[in-house]
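Number of protein chains: 2
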Amino acid sequence: MNFNDKLRRIQRKNNSLLCIGLDTETSRVPESLFRWGDPQYEFNRKIIDATKDLVCAYKLNISFYESVGEHGWYTVHQTLARIPEEIVTIGDGKRGDIRNSAEKQAHLFCEDWEFAASTVNPYMGYDAVEPFTRRKDQCAFVLAVTSNTGSKDFQHLRVRGRPLYEHVIGAAKKWNRRNNIGLVVGATRSAELKRIRALAPEMPLLIPGIGAQKGDLASTVRYGCDKKGEMAVINVGRSIIYASGGDDFAEKARLVAITYRDLINSYREKYFG
Amino acid sequence: MNFNDKLRRIQRKNNSLLCIGLDTETSRVPESLFRWGDPQYEFNRKIIDATKDLVCAYKLNISFYESVGEHGWYTVHQTLARIPEEIVTIGDGKRGDIRNSAEKQAHLFCEDWEFAASTVNPYMGYDAVEPFTRRKDQCAFVLAVTSNTGSKDFQHLRVRGRPLYEHVIGAAKKWNRRNNIGLVVGATRSAELKRIRALAPEMPLLIPGIGAQKGDLASTVRYGCDKKGEMAVINVGRSIIYASGGDDFAEKARLVAITYRDLINSYREKYFG
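If you read the sequences in order, they're chains U and E.
Residue numbers for the first sequence follow my numbering, so the first one is 4 and each next one is one higher.
Residue numbers for the second sequence follow my numbering, so the first one is 4 and each next one is one higher.
Hint data in this document are derived by calculation from the structure and do not stem from the laboratory.
As the structure is a computational prediction, the values presented were derived from the model and not from experiment.
Just to be clear, a hint being listed does not mean it is correct.
A pair counts as met if it fits within one copy or between any two copies, since identical chains are not told apart.
Claimed, not checked - Only pairs whose alpha carbons sit at most 30 Å apart, straight line, appear in this in silico BS3-like list of lysine-lysine:
#  : residue 1 : residue 2
1  : K155      : K255
2  : K230      : K255
3  : K55       : K177
4  : K255      : K139
5  : K197      : K155
6  : K155      : K176
7  : K155      : K139
8  : K49       : K231
9  : K139      : K273
10 : K155      : K177
11 : K155      : K55
12 : K49       : K273
13 : K255      : K9
14 : K49       : K155
15 : K177      : K255
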């Protein structure tokens with residue numbers, strides 16, 4: 004099945020555009036999990052088991068795993084093995100390099116870990132991205148606009164009257180021969196998001212910046228979805244997984260995830276119903 | 004000691020601007036090394052022992068290590084432990100992310116592996132780079148112009164009459180409060196390199212693209228060095244480490260490294276002597 008069909012199918016089945024960001028820090032994992040050999044995995048396992056009927060995707064920011072030491076590589080594997088096959092998994096590594104190095108990166112993300120999608124940085128151009136697009140059941144989400152303050156440094160520079168990120172979007176559309184490229188669009192300004200969705204009416208958009216980063220959810224849904232009210236993947240991380248710091252973290256995560264899913268769905272009803 | 008002093012000191016001591024790229028692929032390691040538990044490390048160890056008096060730096064492209072599995076993380080550690088303290092080590096990961104993720108990335112590169120320098124991707128702006136610049140004995144090499152074909156896709160777009168990468172260089176200079184930022188400049192066009200060195204007369208420049216990628220060495224030395232004929236770090240990878248596919252790989256690597264070092268020094272003599 005190609006990636007876009009897989010995404011649409013799980014969004015319909017679970018009636019959810021919510022993606023949970025498993026940016027799990029060992030320092031924020033409840034003490035009781037340290038009885039286990041891999042508390043980071045135990046935390047993820049409980050979050051996944053408590054929320055897998057509420058989401059379309061899980062996103063793992065790889066920096067939270069590679070920074071814990073060699074075991075992190077294996078924790079990614081274990082976490083992915085716990086996620087039901089029908090749910091989209093996103094390896095958020097923001098990689099990109101000259102071809103022979105990008106091939107290695109793509110091998111790790113697409114063949115070894117076997118994420119359904121990976122985030123890639125466009126600065127080095129097409130040959131840095133291409134290895135992540137070889138399987139049509141896997142998606143490369145190209146960074147367009149990010150949600151951090153530094154996004155202003157270059158992404159908004161005007162090139163022939165349009166911001167740089169619109170040139171990135173234009174290139175991503177040109178690169179999209181296998182119909183498996185998406186865009187990362189930080190939930191910051193609704194006017195931008197509206198314009199981006201107009202430029203790429205059918206691409207999946209991965210939208211971080213909701214929750215701890217305080218993006219506006221109503222306009223994210225209104226302008227981030229395709230015309231069917233789908234194909235936006237709305238990532239919420241810390242405000243779900245750290246909803247409670249105690250042993251009830253998974254139950255509390257479920258409650259907050261339900262709140263986000265339902266709020267998103269109420270806006271879908273309003274704007275696409 | 005701050006990073007620039009460390010670099011200058013080893014360039015003088017070893018009379019060399021050569022950096023060897025340890026982009027070691029297990030598939031290209033001689034069969035005899037498979038007797039050992041970690042053939043990738045054994046390969047690196049022998050290359051380092053055979054060339055450590057000939058270089059100013061070793062660069063490890065992390066994709067070659069993370070793609071082999073969890074052991075790769077440890078192979079990086081072991082390889083770094085084999086490199087004499089006075090030689091610059093460069094963690095080529097091209098990372099960069101929103102602040103809390105970039106902190107994790109920097110923790111891995113700067114505190115755990117403890118590379119003397121790391122490469123970073125500027126697309127996400129200052130907060131993606133800043134965590135890599137906290138220690139003044141460590142350098143962040145910001146990607147400006149790369150040596151791959153995709154470098155044309157965005158890096159050369161004109162922004163207010165100047166290519167995007169010049170805006171990256173301008174920003175890098177502004178960010179350089181701790182005097183520990185450098186630039187990655189692919190050895191592609193001598194006119195560009197000349198202009199870049201004029202824009203950043205004192206920054207260390209990491210210059211890949213020599214050797215297998217066939218950049219022009221004479222103009223790389225002429226325009227890449229500072230006015231003292233130093234502060235260019237000229238990376239050669241595959242054409243040194245794979246000079247021979249047999250058990251004499253380390254000896255042959257030494258011979259090719261001497262050739263590069265001497266050729267570079269002959270151009271230094273010619274242009275700065």
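Inset, instruction - Using 30 Å as the alpha carbon limit, work out where K155 and K255 are close: within a copy, between copies, both or neither. - result: This pair counts as neither: shortest intra-copy Cα distance 35 Å, inter-copy 48 Å.
Legend entry - Homomeric proximity label, K155 with K176: Cα distance no greater than 30 Å: Both: 23 Å inside a copy, 17 Å across copies.
Legend entry - Copy assignment of K55 with K177, given that the CA separation must stay at most 30 Å: Answer is neither; intra-copy 34 Å and inter-copy 46 Å both fail.
Inset, instruction - Since the copies are identical, ignore which copy is meant and state whether K255 and K139 lie within 30 Å (CA to CA) inside a copy, between copies, both or neither. - result: neither (36 Å within a copy, 42 Å between copies)
Legend entry - Up to 30 Å CA-CA - K139 versus K155, copy category: Cα proximity of K155 and K139: across copies only (26 Å, versus 33 Å in one copy).
Inset, instruction - Pop the pair K155 and K177 into one bin, within, between, both or neither, using alpha-carbon distances up to 30 Å. - result: both (25 Å within a copy, 15 Å between copies)
Inset, instruction - Pop the pair K177 and K255 into one bin, within, between, both or neither, using alpha-carbon distances up to 30 Å. - result: For K177 and K255, the Cα distance exceeds 30 Å both inside one copy (43 Å) and across copies (44 Å).
Legend entry - Copy assignment of K139 with K273, given that the CA separation must stay at most 30 Å: neither (33 Å within a copy, 53 Å between copies)
Inset, instruction - Evaluate K155 and K55 at a C-alpha cut-off of 30 Å and name the case that applies: within, between, both or neither. - result: Intra 35 Å, inter 42 Å, cutoff 30 Å: neither.
Inset, instruction - Since the copies are identical, ignore which copy is meant and state whether K49 and K231 lie within 30 Å (CA to CA) inside a copy, between copies, both or neither. - result: Neither, since 32 Å and 59 Å both go past 30 Å.
Legend entry - Intra- versus inter-copy proximity for K155 and K197 (alpha-carbon distance at most 30 Å): both (18 Å within a copy, 28 Å between copies)
Legend entry - Within, between, both or neither, where K255 and K9 count as close if Cα-Cα is 30 Å or less: This pair counts as within: shortest intra-copy Cα distance 28 Å, inter-copy 51 Å.
Violated hints, listed in ascending order, are 1, 2, 3, 4, 8, 9, 11, 12, 14, 15; each of the other numbered hints is respected by the structure.
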